[in-house]
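Peer 1: These are the residues of each chain, in order.
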Amino acid sequence: MGERLSDVLNRTAPRLMDKRTGDVLIWILLLSAPFWLPAAGSYVELGTRVVVFALAATALNFLLGYTGVLSFGHAAYFGLGAYGTALTIKFLVASTPVGMLVGVAVGTIAAAIIGLMIVRLRGVYFAMCTIAFGQVFYFIAFQWFSLTNGDDGVSAWHRMPLDLGFTTIDILNSSNAFYYFVLAVFAACVAAMAFLLRSPFGRTLQAIRENERRARFLGIPVDAHIWMSWVISCFFVSVAGTLFALMNDFVDPRAMRWDQSGTFVIMTVLGGMRSFWGPLIGSAIYLVLQDYISSHTENWMSFIGLFFVLIVLFFPRGVLGLIGRKAVS
Amino acid sequence: MTQLVLFNLFNGLIIGAFYALMALGLSLILNLSGVINFAHGGFLAIGGYLAYSLIPYLGYWGALLVSPFLVAFIGILVERVLIRQLYGRDPLYSLLLTFGLAFMIEDGTRFIWGAQSLPFQIPVWLSRPLSADYFFLTGYRLFMMLLVTAVVAGLFFILNYTRLGIRIRAGTLDLETVSVLGVNVRVLRNLNFGLGIYLAGLAGVLAVGMLGLQPNIGDNLIMPSFIAIIVGGLGSLPGTLAGGILIGVVSGVTTVFLPAASEAVIYVMMALVLIVRPRGLLGEEGRF
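In order, the protein sequences belong to chains L and Z. Numbering-wise (the numbering used here), the first sequence opens with residue 1 and increments by one. Numbering-wise (the numbering used here), the second sequence opens with residue 1001 and increments by one.
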């Protein structure tokens, strides 16, 4: 059989994963995406979708990978961000930034309140409560017909060009401009998260992940830290939600259903949940695969389900987890 | 007015019985194996569809009897092949795996039996109302209540008085000790999984008699079942039973006064329980 994959990775991984090189490579790929995506037989909109979901998954990873707390209900705050944006632009102010601010505020406030109720719980119990609370907003969006138009979703609105005072950026009609807008938001959020993780606060979160009891003995207010981490994570997932609404010029309740939450988790796991760029890579693989499968078969749900099962059984550490582990050893 | 209240109360009781059946199965699996079975709603759907396909050969009663056992058998196979490998690992993985299974089962039923909803024939004499004043009190509904009561009683009999049940309960408290005492824990977990899935299958056959067949029928029942477990208290089966019936009844009664809130009220209840008593009504302190 020749060389095994792990051997190849073993040999090349240390060079590949040199921290700086990896970062630079990823940013070059992201910045140049509108140029090479069409050449690779794809389209810019797929790139935009990858970045939006990568932001959501990276935000989830802040909680899941770096604090060690499992949330299966992040779609709720993603969806609240999306609905907040859509409804604001449609009914209140026709401005993209204002819509985003409202969306993020709605998502974050809801998360802060719900976080207070579940922060004392741990493990499976925490996960179950996040699932159940996540569904509340799905039902509200589904049933509050006069505001949200129920199952049909909020349509008949669109994102507005960015007015910077001295110039206008037409993110509405130019898909390249919109891609770079999304990428800029992504960059800001990712930089903020990286900064937080490197701060003493972020180190404390990782200490809680590694050994909660010991962290408690050191006098760290564990519940308060988990709550903070939850709110921060939901804040960034709401940002992703606002971008999701802007991307589609539309939002419906499916954006906040539990299967959406599962998608975020599988993206994170697929890419590698202990690594910073894992969720981005997971999101790219997942969306490209989904794009391919759903254009070839009607039974794409089965394949996605099978994909979940196969990842869990054979690939639980994810792409970067595999490489990273080899690089360390 | 009394009629309306009684109607919705009874409705709530029946819905609550379904929640309880689902939640008891989920709870059994969760307590012994630490697995949240997302695919539980999928197994419920399989129960309904298998019964639909069996009726031409076995008649209604035969299907009602056989279908849940077939579903349990499928569950046992699934546990053997897939779920068993995840014990002792982060609960994240079993969640994701059963999540993927739920997708596959829903799509599979749609592939085999079609996406459109199908009618499910129950015996005619069962579907007649028993009284002209209380039109909602059909024989079928009464029969469902009796059957669910009998099955739940049977479950608690098994758990309290048979060797298997006592081992399941002991394993819930301390699996390691049970294993050291010479019980084959793998078989125990396998059978326990089958028992939980049997309840889902039975709930499926009963539910489709009332709601008709749809590939996503389990979706609407699984979330309230989660809430039933949370409200009742993790780790307590009587709590789960009480939680299921309670949220069914409360949601039924709410329908009378504020129909739009009938769905939301169960989430409010969950929030209240989590604020006032985070371990749930009958949950043990410090289990999670």
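These are calculated hints, taken from the structure and not from any lab test. Glycine residues also receive a C-beta, built at the ideal position from the N, C-alpha and C atoms. A few of these clues could be false.
Have a look at the derived ranges for each label pair, beta carbon to beta carbon [unchecked claim]:
hint	chain 1	residue 1	chain 2	residue 2	range
1	L	ASN149	Z	PRO1129	32 to 40 Å
2	Z	PRO1119	L	ALA177	49 to 57 Å
3	Z	ARG1084	L	LEU172	27 to 35 Å
4	L	ARG214	Z	ALA1170	27 to 35 Å
5	Z	ASP1174	L	ARG213	45 to 53 Å
6	L	ARG213	Z	VAL1180	22 to 30 Å
7	L	ALA184	Z	THR1177	38 to 46 Å
8	Z	ASP1174	L	ALA105	44 to 52 Å
9	L	ASN211	Z	VAL1276	27 to 35 Å
10	L	ARG213	Z	LEU1258	40 to 48 Å
11	Z	THR1177	L	VAL24	51 to 59 Å
Peer 1: The structure should be examined with respect to each hint, and the outcome stated for every one.
Peer 2: Results of checking the hints against the structure:
no. : hint                              : verdict
1   : L:ASN149 to Z:PRO1129: 32 to 40 Å : 38 Å, holds
2   : Z:PRO1119 to L:ALA177: 49 to 57 Å : 53 Å, holds
3   : Z:ARG1084 to L:LEU172: 27 to 35 Å : 53 Å, violated
4   : L:ARG214 to Z:ALA1170: 27 to 35 Å : 31 Å, holds
5   : Z:ASP1174 to L:ARG213: 45 to 53 Å : 20 Å, violated
6   : L:ARG213 to Z:VAL1180: 22 to 30 Å : 25 Å, holds
7   : L:ALA184 to Z:THR1177: 38 to 46 Å : 57 Å, violated
8   : Z:ASP1174 to L:ALA105: 44 to 52 Å : 47 Å, holds
9   : L:ASN211 to Z:VAL1276: 27 to 35 Å : 31 Å, holds
10  : L:ARG213 to Z:LEU1258: 40 to 48 Å : 45 Å, holds
11  : Z:THR1177 to L:VAL24: 51 to 59 Å  : 55 Å, holds
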